[in-house]
Amino acid sequence: MSIAWLLERMAGWQEQPAMVWRDQPTTYGDLLLRVEEWKGELDRYGMKEGQVVAIDGDYSPNSVAVLLALIDRGAIVVPLTQAAAAHREEFLEIAQVEEVIALDENDQHVINRRPVVADHPFIQQLRQLGDPGLVLFSSGSTGKSKAALHNFARLLEKFKVPRNKMVTLTFLLLDHIGGLNTLFYTLSNGGTVVSVRSRDPDVVCRAIERHRVELLPTSPTFLNLLLISEAYKRHDLSSLKRITYGTEVMPESTLLRIHEVFPDVQLQQTYGLSELGILRSKSRDNRSLWVKIGGEGFQIKVVDGILWVKAESAMLGYLNAPSPFDEEGWMNTGDMVEVDGEYVRILGRQSEIINVGGQKVYPAEVESVLLQMENVRDAVVLGEKNPITGNIVTARVNLKEPEDPRAFKQRMHAFCRERLAAYKIPVKVEILTQEQYNARYKRMRRADALESRE
Amino acid sequence: MTYSSEVPIERAGIIELITTSAQDVLQMRDGAGEQLPVLGEETRLIGQGAILDSLGLVSLIVEVEQRLSDELGINLILADERAMSQKRSPFRSIGALADYICDLIAEQGAHA
Numbered sequence: 092m093s094i095a096w097l098l099e100r101m102a103g104w105q106e107q108p109a110m111v112w113r114d115q116p117t118t119y120g121d122l123l124l125r126v127e128e129w130k131g132e133l134d135r136y137g138m139k140e141g142q143v144v145a146i147d148g149d150y151s152p153n154s155v156a157v158l159l160a161l162i163d164r165g166a167i168v169v170p171l172t173q174a175a176a177a178h179r180e181e182f183l184e185i186a187q188v189e190e191v192i193a194l195d196e197n198d199q200h201v202i203n204r205r206p207v208v209a210d211h212p213f214i215q216q217l218r219q220l221g222d223p224g225l226v227l228f229s230s231g232s233t234g235k236s237k238a239a240l241h242n243f244a245r246l247l248e249k250f251k252v253p254r255n256k257m258v259t260l261t262f263l264l265l266d267h268i269g270g271l272n273t274l275f276y277t278l279s280n281g282g283t284v285v286s287v288r289s290r291d292p293d294v295v296c297r298a299i300e301r302h303r304v305e306l307l308p309t310s311p312t313f314l315n316l317l318l319i320s321e322a323y324k325r326h327d328l329s330s331l332k333r334i335t336y337g338t339e340v341m342p343e344s345t346l347l348r349i350h351e352v353f354p355d356v357q358l359q360q361t362y363g364l365s366e367l368g369i370l371r372s373k374s375r376d377n378r379s380l381w382v383k384i385g386g387e388g389f390q391i392k393v394v395d396g397i398l399w400v401k402a403e404s405a406m407l408g409y410l411n412a413p414s415p416f417d418e419e420g421w422m423n424t425g426d427m428v429e430v431d432g433e434y435v436r437i438l439g440r441q442s443e444i445i446n447v448g449g450q451k452v453y454p455a456e457v458e459s460v461l462l463q464m465e466n467v468r469d470a471v472v473l474g475e476k477n478p479i480t481g482n483i484v485t486a487r488v489n490l491k492e493p494e495d496p497r498a499f500k501q502r503m504h505a506f507c508r509e510r511l512a513a514y515k516i517p518v519k520v521e522i523l524t525q526e527q528y529n530a531r532y533k534r535m536r537r538a539d540a541l542e543s544r545e
Numbered sequence: 052m053t054y055s056s057e058v059p060i061e062r063a064g065i066i067e068l069i070t071t072s073a074q075d076v077l078q079m080r081d082g083a084g085e086q087l088p089v090l091g092e093e094t095r096l097i098g099q100g101a102i103l104d105s106l107g108l109v110s111l112i113v114e115v116e117q118r119l120s121d122e123l124g125i126n127l128i129l130a131d132e133r134a135m136s137q138k139r140s141p142f143r144s145i146g147a148l149a150d151y152i153c154d155l156i157a158e159q160g161a162h163a
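Protein chains in written order, with my numbering: chain W, 92 to 545; chain A, 52 to 163.
To be clear, the hints were calculated from the coordinates, so they are not data collected in a lab. No residue lacks a Cβ here, since even glycine has one placed at the ideal position from N, Cα and C. Check each hint, because a few of them may be wrong.
Stated by the list, open to error - From the structure, some residues in chain W lie toward chain A, with a derived Cβ separation under 7 Å:
1) Gln173
2) Asn197
3) Val201
4) Met422
5) Pro478
6) Asn482
7) Phe499
8) Gln501
9) Leu511
10) Ala513
11) Lys519
Let the sequences and hints guide you as you build the complete structure.
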């Protein structure tokens, strides 16, 4: 089957730890045994090739084992996690899920059959090929989730190339293209995935110390929290070799501070999309937001400042939306970029750019400045409609200590005036007490984001 | 509506609120070192001789809305299509803006 190569490779590392769950290691040998057990369980349950099966749970020995067993069986896998709990029913519906394998806190499972027959043309296409599938949900700028169906075998193809063996913390979740990428990268190179119960900076730092984690794939929002919490001072993080960041634009100020705190750690930007998979990337240096992206199987081009990608491993299509690909297979990523030779710099989502009287404001640039202010813990910048200038720049700020809003606004103006053009300075400032990132540690910039928090 | 008719809102009070807001905005935008113009009812907010550019005007309107809400418990949207489609712009001077605000408050009161 399509992952025979991976299972064979894993068999070569019997005694080595494949994962750490609840601080306990699971060796490759143990994991493979569990995969065999799951194959038996799926047989007993009468689960057939090509069925649409949801795995509801975070990283654990069983969730990974059942994932591998399902891929081996040619099932169409729909990973679901707590982060998407609010959309669970909607996602089950859209993906035409036939079976749900739910794993609880203690890694015990329950299987539920849904009265559904999956008959989407793309699903039938995969069944005819006898290939496994993967459904990933992307949040989409309009807020409506889109379900991307991948040929899982093709998505895994790139992991056949041997790369570094690393102890990696699984920060991103199993239902995220980045989380799956981490898992398969690690397993196909004999590394160890270390899972954590929560993404709290102290919990993450403790796991890094205890399990000598080398690679931390994460998001800029988390790195900002790490800096503010100063959790890195309370733990020995000397095992860290590389921190990767993606899923949202990195504020330059956060990157520079992370580099100061971790001068010997390689800082590497990643780029990927639910629809296309993760591209190979290389940051110009540890302090740079310029990044080379592409690699084998990917082509990129920039049209009118927007990044387009063509991928060999692209999804078959959305289950619930029209194809985003043009006739030649290119996809508009919706990300605005600057270009410098082979490098690009990601400026932000086209849909989030704020047009103030005809001039463009990129939220990340303003956020980067606000995050440098004293007493600012987090900042999200977004546009609000205004009949005079079209839009105004609004800042939603979390403070470390309470401060008079008017005094803060004055101080913010004085600070920004030296660092930003006048039209980029937030006109409206809201001081918030609730956090502004979602369960995936990604800042939310939609005007209604706070109401629709996952 | 949060406006309560028990507290009469006087035009003079609104003028003062706008003037204070304008001073704040001018100070924020130009820095504390600048000499601030003397502000009054006749002070022009847009067009020739205006004390603010369009960005400044937007800031002023946001500031006034904020103060009306914070200090008087009145929630108004001042910059909308209605304001823009008035024959004479309510943003032409501090006095005109105060009149417009008083009109909106009276309307809210009537519907309360």
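Quick rundown of the hints versus the structure:
Because the beta carbon of Gln173 (chain W) sits about 37 Å from the nearest beta carbon in chain A, more than 7 Å, this interface hint is broken. For the restraint placing Asn197 (chain W) at the interface with chain A, the shortest Cβ-Cβ distance is roughly 50 Å, beyond the 7 Å limit, so the hint is violated. Evaluation of the Val201 (chain W) hint against chain A yields a violated restraint, the C-beta minimum of about 50 Å exceeding 7 Å. Annotation: interface hint on Met422 (chain W) violated; nearest CB of chain A at approximately 37 Å, more than 7 Å.
Interface hint status for Pro478 (chain W): upheld, as the beta-carbon distance to the closest one in chain A is roughly 5 Å, under 7 Å. Evaluation of the Asn482 (chain W) hint against chain A yields a violated restraint, the C-beta minimum of about 10 Å exceeding 7 Å. The interface hint given for Phe499 (chain W) is violated, since its Cβ lies 12 Å from the closest Cβ of chain A, which is over the 7 Å cut-off. Among the interface hints, the one on Gln501 (chain W) holds; its C-beta lies about 6 Å from the nearest C-beta in chain A, closer than the 7 Å criterion.
For Leu511 (chain W), the suggested interface contact is broken, since its CB lies about 12 Å from the closest CB of chain A, more than 7 Å. Look at Ala513 (chain W): its Cβ gets to within about 6 Å of chain A, closer than 7 Å, so that hint holds up. Taking 7 Å as the C-beta cut-off, the interface hint given for Lys519 (chain W) holds, the closest approach to chain A being about 5 Å.
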